[in-house]
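There are 2 protein chains.
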Amino acid sequence: MLIVKKFGGSSVADKDRIYNVARRCIEDYEKGNEVVVVLSAMGKTTDGLIAKAREINPNPPKREMDMLLATGEQTSVALMSMAMSALGVPAVSLNAAQVAMHTTSAYGMAKLKRIDTERIRHELDARKIVIITGFQGINKYDDITTLGRGGSDTTAVALAAALHADACEIYTDVDGVYTADPRIVPNARKLTEVSYDEMLEFASLGAKVLHNRSVEMAKRYGVQLVVLSSLTRAVGTIIKEETKVERMLVSGVAADKNVARISVIGVKNEPGIAFKIFNLLARHHINVDIIIQSIGREERKDISFTVARTDLQEAMTLLNENREVLTAQTIACEEGVAKISIIGAGMTSNPGVAAKMFESLYSANVNIKMIATSEIRITVLIAEEDVNRAMRTVHDAFDLAD
Amino acid sequence: MLIVKKFGGSSVADKDRIYNVARRCIEDYEKGNEVVVVLSAMGKTTDGLIAKAREINPNPPKREMDMLLATGEQTSVALMSMAMSALGVPAVSLNAAQVAMHTTSAYGMAKLKRIDTERIRHELDARKIVIITGFQGINKYDDITTLGRGGSDTTAVALAAALHADACEIYTDVDGVYTADPRIVPNARKLTEVSYDEMLEFASLGAKVLHNRSVEMAKRYGVQLVVLSSLTRAVGTIIKEETKVERMLVSGVAADKNVARISVIGVKNEPGIAFKIFNLLARHHINVDIIIQSIGREERKDISFTVARTDLQEAMTLLNENREVLTAQTIACEEGVAKISIIGAGMTSNPGVAAKMFESLYSANVNIKMIATSEIRITVLIAEEDVNRAMRTVHDAFDLAD
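Protein chains in written order, with full-length UniProt numbering: chain A, 1 to 402; chain B, 1 to 402.
What the hints contain is simulated information worked out from the structure, not anything from laboratory work.
Given the structure is predicted, the values throughout are model-derived calculations rather than measurements.
Possibly wrong hints are sitting among the right ones.
Which copy? The list can't say, so a pair holds if one copy fits it or any two copies do.
Stated by the list, open to error - Each computed DSS-like pair below joins lysine-lysine, with the alpha-carbon atoms no more than 25 Å apart:
| hint | residue 1 | residue 2 |
| --- | --- | --- |
| 1 | Lys219 | Lys44 |
| 2 | Lys62 | Lys128 |
| 3 | Lys268 | Lys369 |
| 4 | Lys140 | Lys31 |
| 5 | Lys190 | Lys111 |
| 6 | Lys52 | Lys128 |
| 7 | Lys62 | Lys356 |
| 8 | Lys44 | Lys15 |
| 9 | Lys140 | Lys128 |
| 10 | Lys52 | Lys15 |
| 11 | Lys62 | Lys276 |
| 12 | Lys31 | Lys128 |
| 13 | Lys240 | Lys219 |
| 14 | Lys268 | Lys219 |
| 15 | Lys268 | Lys356 |
| 16 | Lys257 | Lys268 |
| 17 | Lys369 | Lys219 |
| 18 | Lys62 | Lys15 |
| 19 | Lys128 | Lys356 |
| 20 | Lys301 | Lys356 |
| 21 | Lys301 | Lys268 |
| 22 | Lys240 | Lys369 |
| 23 | Lys62 | Lys369 |
| 24 | Lys276 | Lys44 |
| 25 | Lys240 | Lys128 |
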């Protein structure tokens, strides 16, 4: 079997953890498997490098930032290889140029285009464990790029696809995907498996297990993922194509507090206004979620939507600067809100799921401000102060507990 | 003009020093020159990385060590490029793979074979300052190598040769080459220029200004070097081919305390014994300096020589293990010794230089234990406790003071 194993920064933060990871990889190797390991930078290394750069130049060129950040993963892979060598197992570390991992040219947010597998195959054939830098690539100028947030997960998935791996294991701080955040819902249950689409919804709704990009790539190339903890031996969660004939109506509940509501009030009731608003925000890379358009008055209408709270200030500035073009009378915003979502591939064929969710929130006296639905999720906007209570209520209503 | 400027680790140890170096490079750039900068790792970075590696594995694989160490210079060049960018000057950092700097495969002690200049030329033509990692290269496997001690100086000289640079400036802690160590001989004088051969003797005799490898390469390719300080504006020392018709008899005095004497006593007076001794040591990379062979007794003779004090223990172990093969009766050693040398291209044609040195040492009551001479230097072994007094005496005898 060819196994790709990815470990995040906290899994290789110090000597003990490096050896812990080395031993887990060697276990697989000694069973006769081919083992490819993908590593992030150790602990807080990347944050430290960013701080160092900003001390020199508050607005460093992105190309040079990537040149700097890439040293973080290179340090991890070299030290891991040394640890495996100390344990008597032949290993070799490779950076993105050595592999080579070809990406687009967009420094700081490059996308993987193609992975050469020749060098990796050569080293695997020599019965070595191959340890590869996550998060980084090279572009057509031979310059180093980085993949942005969730980059190392994406590296692992892309490698698994390129190498036709039999398994792709993502080791994180948590030991799987839960029906809800266990810190808020103590009786939350770990899911044995979820579909790619459900995982995408979980990820975009605040579950910090896997970044969307890696899940999207896994779905596109049919790479089956397992999410596990590097510190325990607990069985993880499998992420794969939907296969079960009968399954849970709802897989889990997710909450996201990084949200704010914007209302563009009193715009002219004519075509193109909504386009202008969302195009303006999109051009500045501000994502918009739940959108509601009033149909109340004749000449004027209101358009409300949510953005990430971290984007609120920029969004408000942009909208106010363009208030006249947008024909808006006022632009208002609200910060003390949160999203709560239920996710489940089973809900498409089951009417009444939304009603059950709304009923449980009503019975808990939680007011719903906005609603958005997709094939496999229902999201409501509520007051931030209600969010933990709402999660537990909904979790109970769908019998998700252990 | 194309100028290669090399700065050591202490010259880029922190933000202020990085900016100091950036400004000095920009001065040359703004005069219309093409500027290539070679950097070492910042301050004690390399030592820190070595310690980190040894914590993981006391005997780390050399390939992985080079993979790790190379991150040091990559960090320096990225930060330097950011500083120049903050000062409004276009700059680009390149690591050894991006250049590419082709070396032999010997990890930790690779030798430069060939430098591709295409990428550097391309960036210079775009009017950028090009900042290149010293000390490192890539071998035929695309693996990262390091050049060993004095590596960054060698990188700079090799780049100057490959780019047909008009100047190669080596910035160090000191502002040039002196007639003697100014800490010991307060009235020592800075030399305006020295020949490659003299510099080689200075370097191998304990002057820490430049490593021999870089001087040898400069001599081979006719690269004229200037040694200067990154912290002052003092005129440095030029190192070039001998040109002056008339010149100083003696250029300077050097002392080396990293020395010990070994005596292999009572070996059989037959051919091949000396070969066996020095071959044994050479195979273990132990360099031998002053050699004296007694011609006293008929059947047995003594062979004495000096080694670096740091090699003494290993040398003694090796010799004792092979005592019977070497036909030796005893092997003795002495640690409290030092070498003092006078260096000067003028001495070849001037008899009496040695006599003058010996006379001055005699008048200062310094006992000479061993003597070795070359075309341009005379070295004597004396007691370590006499070394500072001996230096000042000889320095005065040859009128080297300011």
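Problem set entry | Hints not upheld, ascending by number | 1, 4, 5, 7, 11, 14, 15, 16, 17, 19, 20, 22, 23, 24 and 25
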